[in-house]
Amino acid sequence: MEEYRSFFKEEGYSPVSVVLHKRDTGDEDRTTDAALAVGAAADRTFQLTNHIAMKTNISDKSKSTIAEILESTLIGAEQYARLTMLGEKRKKTEIKKQNDRLDLDMFLERMQSKYLFKDEEIAKFKESCLEERSEERRVGKECRSRWSPYH
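In terms of the numbering used here, the sequence shown opens at residue 3 and continues consecutively.
A few of these clues could be false.
[Claimed, not checked] Okay, derived cross-link-like pairs now, DSS-like style, lysine-lysine, Cα gap no bigger than 27 Å in a straight line:
#1 K128 <-> K116
#2 K143 <-> K98
#3 K126 <-> K143
#4 K65 <-> K24
#5 K63 <-> K91
#6 K116 <-> K126
#7 K128 <-> K93
#8 K24 <-> K94
#9 K128 <-> K94
#10 K11 <-> K94
#11 K99 <-> K120
#12 K24 <-> K93
#13 K126 <-> K99
#14 K93 <-> K11
#15 K91 <-> K11
#16 K128 <-> K99
#17 K143 <-> K128
#18 K91 <-> K126
#19 K63 <-> K24
#20 K65 <-> K98
[What the hints assert, rightly or not] The following label-pair restraints were derived from C-beta to C-beta distances:
#21 K126 <-> E90: 30 to 38 Å
#22 A79 <-> R25: 26 to 34 Å
#23 I124 <-> Q81: 42 to 50 Å
No lab work stands behind these hints: they were computed from the structure. Where a beta carbon is used, it is the ideal one built from N, C-alpha and C, also for glycine.
Required output: the full structure, derived from the provided sequences and hints.
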């Protein structure tokens, strides 16, 4: 089960455990064991009467528990989707930053070979470009925050 727990954790899943039993009252030890087995939080581990095995109608308590399970699962899925989108957005931003640097480096390399600039001159110019870009981004961010309709 350690394999599953580590997989869930790495992927960002939030498991939900359900312990089925044939009695109307559950067994707390089995609930704790189930939560530990898959790495689920205690508030995401549920006890449910197995009405199929008992050949009984679904009780109101079981219906309520099923609704809680579904709600917990949907909340976990929503959080997972949000984290996944955030991670993808960060990756795209990082790739864009790397591409911007590569574009600048390639341009400066061409200029250096074409016009025979010294390494120190190129390094100084590159540093000033990056500082200027950083300042432009800071000012742009400040302007957007000041004139945002949500401010």
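**Report entry** Hints violated by the structure (listed by number, smallest first)
**Finding:** The structure conflicts with hints 5, 8, 12, 18, 20, although it agrees with all the remaining ones.
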